[in-house]
Structure formats: structure tokens, C-alpha cells
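*Asks:* The lines below spell out each chain.
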Amino acid sequence: MSLANRMTLASPQITAISVEATEFPDLAQRFGVQGVPRTVVNRQGAFVGALPEQQFVSSVLGLAGVNGQPEAVEAEEARQVDRSNSSPLEETSQAD
Amino acid sequence: MSLLNDQVKQQVRERFSERLSGPVQLKLYLRPGSGRLILPSGLGCPTCEEARELAQDLQEAAPELISLEVIDVTVQDSDVTELPTLTLAFPGEEPRIRWQGLPAGYEFATVVDAIERVSSGEHGLSEATVGRLAELTEPLEVMVFATPT
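Protein sequences appear in the order of chains X and E. Note that numbering that gives the first Met the number 0 gives residue 74 to position 75 of the first sequence, counting from 1, and the numbers run on in steps of one. Note that numbering that gives the first Met the number 0 gives residue 79 to position 80 of the second sequence, counting from 1, and the numbers run on in steps of one.
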């Protein structure tokens, strides 16, 4: 389960949306998707890459302007994930 | 033809039998019959039928705990415009987890795991994370763009 989905279980304030980028090119273009996973917070700030829990949460909260660390977003900006060689049901504990 | 072969269906059934403890509600928003039509962007839904099959396979993997409602947006009022959209929630609660587009490949695994976690209520996050999220007082939307592979 993605970290974003898990976060919804910890806070009633959070909504998580997973978007299949190739099916919605207009949305992908609107939010500047050039690499995945790209996480967009409140339809404004965004970062690219799969982050461990603490950094993911910090990045999300930072972009939302809530007790986070915005600088962590830039540091992880270029990280990319290659999931092409993995079996779907073996990856459920992977970070976002 | 189903997206899931018999082996994967069996794996899902076994996982759900071990890990589901409470009911969950799936809702699938789609536009039937538009998969083979060539329509302007935003009007067609090439993956709606596959999404329906996938959602039905998930529901049939644990029919006693998973309910599925299929909403045809051409006949039912809905504010959902991106199709297909699959939502997940505890029954009776407003869904706050959704997938826009066919959740195949890696995204399928996130659906399976999300069903298990919503059913059990176990997010598995650290206490530190839970503490930070508890301070949220305003709605926060996290949108994650992914691809099937």
C-alpha cells in the first residue's frame, strides 16, 4: 500500500489519489509529470521519487506548509524508481 | 478476458482469507460501453471494462467482507469525471482513497494492500508519523502519479 494511502488511515484530514499517468495525459501535463512516482500535494507543490516513510511525510507536510521540512523535497527530487522487474504482489511494503 | 490469471486470483483469495478482518466498500465509477469508441479526450473510457472485471475479481475474492458498487455515470449523478475511478472505504464512510485509471501492475498491489489495511485498520506507520499527522487541522490531498510498470 502506498504511504499516501496509509496516511489516510492515520488522519481523517488526508485524501489519497493514485493517478495512472498514461490514461490521463491532460492531468499529467497539468501537474508536470515527467517521471514517476510524482507526488502532488494540494494540487500545488510536488516531488518525484520513492521516499522512505519519514522523508515522504516530511516532504508532504512541508509542501502543505505544515511542520515539515521543505528542503528534503529538493534533495530527493531526482530519485526515480524502476519497478519493471518486480512481481506486483511482492511490492506492497515498498515506500511510495 | 480477466486481467488476473487463476494463480493470482488464488493468491489474492488466500491473502484476503488471512488478512481481512472487517468489511470494506469498493465503488467503481465508469462509463459503460465506451471502451472501443474513439472519442475526444475526456469522453471515452478505454479501461472501464477492465476496471470492472478487476473490481469484480477483488470482490469475489472475499465476498463476505468486500462489497462493490458500480456507478454508471451516464445514468447516475456523480461528480467523478476521471474514469474509471475506484474508491475504497469503510462501509458508510466517505472514501478518502481512490485510484483514477486502471489500477494494474504495481498499482494492483497497492489496491490489494489498501483493502487489507482498511479492513484491519492497521496503517503500519511509525508513532512519530502518527503524531505528526495528528496535528493536521486542514484537509490535505496527496495525489500520486504512477504508471502500470
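Just so you know, these hints were derived from the structure itself, not from any lab. Even glycine gets a Cβ: it sits at the ideal position worked out from N, Cα and C. Among the hints, erroneous ones may be present.
As the list claims (entries may be wrong) - For the chain E half of the interface with chain X, some residues (derived, Cβ under 7 Å), not all of them:
(1) Val69
(2) Ile70
(3) Trp98
Stated by the list, open to error - Output of the computed footprint for chain E on chain X, the stretches with three or more beta carbons under 8 Å from beta carbons of chain E:
(4) 13-27
(5) 31-42
(6) 50-58
*Asks:* Which hints from the list above does the structure break, by number from lowest to highest?
*Replies:* 1 and 2
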